[in-house]
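Undergrad: Sequence:
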Amino acid sequence: MASKRTLPFRTEPFRYIVQRHSAPARPSFARYRCLHVTSVDPKATLQTAVVQDHAELKRCYDEYKAATADDGKTRWGNAFVWGMTRHALGEELVVYPALDKYLGEEGRQWAAKDRKDAQHLKESLYGFDHMSLTNPHREVLVDILWGDFAHHARQEEEIQLPKLESVLGGESERLARSFERTKRFTATRSHPLAPNMVPLATAAAFMAAPIDKLRDIFRSWPEED
Numbered sequence: 001m002a003s004k005r006t007l008p009f010r011t012e013p014f015r016y017i018v019q020r021h022s023a024p025a026r027p028s029f030a031r032y033r034c035l036h037v038t039s040v041d042p043k044a045t046l047q048t049a050v051v052q053d054h055a056e057l058k059r060c061y062d063e064y065k066a067a068t069a070d071d072g073k074t075r076w077g078n079a080f081v082w083g084m085t086r087h088a089l090g091e092e093l094v095v096y097p098a099l100d101k102y103l104g105e106e107g108r109q110w111a112a113k114d115r116k117d118a119q120h121l122k123e124s125l126y127g128f129d130h131m132s133l134t135n136p137h138r139e140v141l142v143d144i145l146w147g148d149f150a151h152h153a154r155q156e157e158e159i160q161l162p163k164l165e166s167v168l169g170g171e172s173e174r175l176a177r178s179f180e181r182t183k184r185f186t187a188t189r190s191h192p193l194a195p196n197m198v199p200l201a202t203a204a205a206f207m208a209a210p211i212d213k214l215r216d217i218f219r220s221w222p223e224e225d
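So the sequence shown is numbered by UniProt numbering: it starts at 1 and just counts up by one.
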């Protein structure tokens, strides 16, 4: 999520563009189908669970970019927002507190930076979710968003998670289960104004979940295999 580039949503002109050109998505009353979610081994480590999630998110992004028709863009765009939101909240509620707890000052610095980057991600994800398909800034935003997230994911996979795993021991499996459980019961849309520190973040994420899940029923999704 860290990047040297400036995300357009951070500027006032971009906020004006979003307000003027984006339109609320009209509900689709086609049969609602849950996204296919790769199951994680109950004995998987936290690192395995997070890395597997990264791969699933890349698939959503790649499918969105490959789609040429509006229907495909809509379905995979919804899947991308759904997956990214759940992943971000899972990390805020499980991974970052673990960095704080187990890796001392270095872990606290990593967690603070990751929370800041996660906030930028949620803001840009909110902008993407509320843009119409005809908005020319939509493709630019999703590419920047993914580029920043991919950078964050590499930092986690190559540096943070291996170091965290080295001190977790058997606790890693419990945290992996907590990470997966959190994603199942938390919000599914980006809420940039929600707190990002536990315990307030936990309460906010779970309070938003019922409304988000109700709204999800009226969205279109990729068809199950």
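Careful: at least some of the hints might be erroneous.
Said to hold, decoys possible - Dumping the calculated PhoX-like pairs for lysine-lysine here, alpha-carbon to alpha-carbon at most 20 angstroms:
| # | residue 1 | residue 2 |
| --- | --- | --- |
| 1 | Lys113 | Lys73 |
| 2 | Lys73 | Lys58 |
| 3 | Lys58 | Lys43 |
| 4 | Lys58 | Lys101 |
| 5 | Lys116 | Lys101 |
Unchecked claim - Using C-beta positions, here's what the derived DEER-type ranges look like:
| # | residue 1 | residue 2 | range |
| --- | --- | --- | --- |
| 6 | Lys116 | Arg181 | 19 to 29 angstroms |
| 7 | Asp143 | Gly170 | 20 to 30 angstroms |
| 8 | Glu157 | Gln119 | 16 to 26 angstroms |
| 9 | Val140 | Glu223 | 47 to 57 angstroms |
| 10 | Ala150 | Lys43 | 23 to 33 angstroms |
| 11 | Arg184 | Val51 | 17 to 27 angstroms |
| 12 | Val167 | Asp70 | 43 to 53 angstroms |
| 13 | Glu223 | Arg184 | 15 to 25 angstroms |
| 14 | Ala55 | Lys116 | 23 to 33 angstroms |
| 15 | Glu105 | Asp70 | 44 to 54 angstroms |
These are calculated hints, taken from the structure and not from any lab test. By construction, the Cβ of each residue, glycine as well, lies at the ideal position given by its N, Cα and C atoms.
Undergrad: Give a verdict on every hint.
TA: Outcome of the hint check:
no., hint, result
1, Lys113 to Lys73, "violated, 32 angstroms"
2, Lys73 to Lys58, "holds, 15 angstroms"
3, Lys58 to Lys43, "violated, 24 angstroms"
4, Lys58 to Lys101, "violated, 29 angstroms"
5, Lys116 to Lys101, "holds, 18 angstroms"
6, Lys116 to Arg181: 19 to 29 angstroms, "holds, 26 angstroms"
7, Asp143 to Gly170: 20 to 30 angstroms, "violated, 40 angstroms"
8, Glu157 to Gln119: 16 to 26 angstroms, "holds, 21 angstroms"
9, Val140 to Glu223: 47 to 57 angstroms, "violated, 28 angstroms"
10, Ala150 to Lys43: 23 to 33 angstroms, "holds, 28 angstroms"
11, Arg184 to Val51: 17 to 27 angstroms, "holds, 19 angstroms"
12, Val167 to Asp70: 43 to 53 angstroms, "holds, 48 angstroms"
13, Glu223 to Arg184: 15 to 25 angstroms, "holds, 21 angstroms"
14, Ala55 to Lys116: 23 to 33 angstroms, "holds, 25 angstroms"
15, Glu105 to Asp70: 44 to 54 angstroms, "holds, 49 angstroms"
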